[in-house]
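Got chain H sorted already, so can you dock chain L with the ligands onto it with the hints?
Keeping their order, the protein sequence lines are chains H and L. The first sequence stops at residue 322 when you use our numbering, and every number in between is there. The second sequence stops at residue 1283 when you use our numbering, and every number in between is there.
Hints are computed from structural coordinates only; laboratory data are not their basis. Watch out, some of these pointers could steer you wrong.
What the hints assert, rightly or not - SDA-like, lysine to any residue: derived pairs with alpha carbons at most 25 Å apart:
no., chain 1, residue 1, chain 2, residue 2
1, H, K192, H, P279
2, H, K139, L, S1121
3, L, K1097, H, S177
4, L, K1258, H, S19
5, H, K139, H, M76
6, H, K316, H, D302
7, L, K1097, H, D289
8, H, K139, H, E242
9, L, K1057, H, S19
10, H, K195, H, K322
11, L, K1258, H, L42
12, H, K14, L, G1261
13, L, K1097, H, K139
14, L, K1137, L, E1203
15, H, K15, L, I1262
16, H, K195, H, L239
Predicted, not measured: the structure shown is a model, and the values here were computed from it.
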Amino acid sequence: MEKTLDLKFNYTEKKDTRSGFGDGFLEAGRRNPNVVGLCADLIGSLKMGAFQKEFPERFFQTGIAEANMMGIAAGMTINGKIPFTGTFANFSTGRVYDQIRQSIAYSGKNVKICASHAGLTLGEDGATHQILEDVGMMKMLPHMTVINPCDYNQTKAATIAIAEYDGPVYLRFGRPSWPIFTDPAQKFEIGKAWKMIEGTDVTIFATGHLVWEAVVAEAILRSEGISAEVINIHTIKPLDEEAILDSVAKTGCAVSAEEHQYNGGLGDSVAQTLARNNPAPMEYVGVNDSFGESGTPTQLLDKYGLDAANIVAAAKKVLARK
Amino acid sequence: MEKQTIEQLEGTASQVRRDCLRMVHAVQSGHPGASLGCTEFFVALYFNQLNHDPNFKMEGKGEDLFFLSNGHISPVWYSVLSRSGYFSPEEMNTFRKLNSRLQGHPATEEGLPGIRIASGSLGQGMSVAIGAAQAKKIDGDDSTVFVLMGDGEQEEGQVWEAAMYAAHWKVDNLIATIDLNRQQIDGPTAEIMDLIDLRAKYESFGWEVIDTLQGNDMKSVVEGLEKAKSLSRKGKPVMNLLHTEMGFGVDFMVGTHKWHGIAPNDEQLADALGQLPETIGDF
Ligand SMILES: Cc1ncc(C[n+]2csc(CCOP(=O)(O)OP(=O)(O)O)c2C)c(N)n1
Ligand SMILES: [Mg+2]
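The following block holds chain H by itself, in its conformation from the complex (with noise of 0.2 Å):
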C-alpha cells in the first residue's frame, strides 16, 4: 500500500527505536561525564552495550532487580550523576511504579527512565510484556516529563536532549524494525510538538511508532481528497497545548494515535486540553481496554486497530460528525 501512495514523508531504512536510544545514549555519555547507565540483565534488548564497554566504571549491571534500580538511580543524582536505567517498558512502569513516585518524582531527582519494548509491537512475548498503561501511568506523576519518539532519528535526538534537562524523564520507545523517516540532524524539543503536515480537514495527533502510520494515514486520506494535518506528538507531558489548540481551531476536529490504552493515553491529554478550551469532535485510535496477545507487529497492529486504515476511518469518522 505504501509503494503507491504519495507519502510527504519517505525512508530508505528500517532500525529499531531502541537502537536509537542505544546511539544516543553513548553520546550523551561522551558529551557529559556525569551521565551514568544502570540495567536490569537487558543489556542486549535495551542497547546499553556500547555505553558499558566505552563507559565501564560508569555502568551498573542491577540483576533482575528493577526496584532496587530505581532507588539506586534516585540515590547516585544526589550529588549530581545522571542515571540513565534501561529495561522492558512494563518493569520501567507497573513493576516500580511507587519506587518511581516516591524516591524519583516526588523526591524531583534527575533519574532518566527508558523504557524499551513498550506497546504491541514488541509482538510475540505477548500481553505480560506488551504494557499499555505506561504513559497513562507516568504521566499521572507530578513533575514528570513522559516522552514518545516517532523512529530511530528522533529517539537519538531525545536521548541526546533528556540528558541536558534537569528532571525525572521517561522516555518511551520499542523494539521493532520501524521507517527512519525524520531528520537525523533534528533538534529534539522536549514539549514542542512538531506539524509534520499541515492540513484544513482533521488533525491527527499521533506519538510514537503510530506517527509513521499516520504519515501514511494522510497520503491516504489525500488521495480521497481529505486534508490532514499530522502533529507529532513526542512529549505528552508537559503536552504542547498551544499546538493542539491552534490546529483544532482550524480543522474543527481531531484524531489522537497512539500504541496505548484509551484509557490515560495521548488521546485523553488532548481530549483533555479540547474539552477545557474548545470542545471539538475526536477519535481515539489506541487499544480499546484490553490486553494485548502474541503475534506479529503487523498483525497486533491490525487486529487492535492501530495502523493507517484505523487512522484512515477514524479520520472519515470524526469528519462526519463536525
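Same frame as chain H, but now just chain L with the ligands:
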C-alpha cells in the same frame, strides 16, 4: 494417569525437547535454553510425580498444583501439558501466533487448560504458589503445591518476601524448585549478580533445602522430587535446588546463556532434532 517408568520418562523427554525446538523454530522466537534444561523436571513432574487431572479445573481441589514463575520457558510446559492430555499436541502449531491460546508467556486470558496464573514478569510466581498452598490448608486438602523459578529470577526482591512469608506461616505443603543453570539473559549469574550461596540463603530464611545435583538425569530428578516430598509437611517449606545445564540435549546449545531466548534456524533445527529421537510422534 499411570506413572511412567524412568525409561519411559526418558523417551518422553526426548519428544518434549523436539516439541520445544520445533515450536520456537516455527515462529523464530521464544526461549529454548532453559526449556531444554528443565525438560527432565517437567516430564518427571507431569508423568510421574503430580497427582493431577488433565480434565482441567481451575480450582484443582484434591490435586497437586504446579506454578511456573519463570514464564519464559513456556515451550516445555506447553509440551508436557499437551502430551499429558490437557490439549491436543496439534495446538503446539499455534505457539506465539496470533489468536493462539499458547501465548509467548503462559496466560489464563485465552483459557489454556493447565494454566492457573499468568507469568512472564519474573519474581511473582512463588507468592501465588504460597497463597494456593495456604488455601489448600484452609480446606484440609492434603495435596502438594509445586513452583519452579529461575536462578536469575532470585534477584527479584519479591522472591525473598515470599521466602520469608512461607517459613513464617509454615507453608510446608509447598515444594519450590530453582532451575540452577547459572545463566541469565546477559550472561552467567556469577557475573551479572552473584547469588553466592542459595542453600545458605534459603536455610537462613527457615527453609528445608535439598540439592538435586544432576538435574538432567531423569532418575536423579525423580529421586530429588521424592526426597522433597518426604521432607514436606514437617513445618517448613521445601526448596529443591535443581542443578541443570541450559540447552541440555543439544550439543551446540548446552551450557551457555546464548540460547536463552534465540530460535534455531533451519539448519540448526535439523542438527538438533538429529540428536533427539522422535519417540511419541511430532505434532
Ligand atoms: C520482572 C522482569 N524483569 C526482566 C525480565 C526479562 N527477562 C526474561 S528472562 C530473564 C532472565 C531470567 O534469568 P533466569 O531466571 O536465570 O532464567 P534463565 O535465563 O535461566 O531461563 C530476564 C531478565 C522479566 N521477564 N521480568
Ligand atoms: Mg538461569
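* **List of violated hint numbers, smallest to largest** => Violated hints: 9, 13; rest satisfied.
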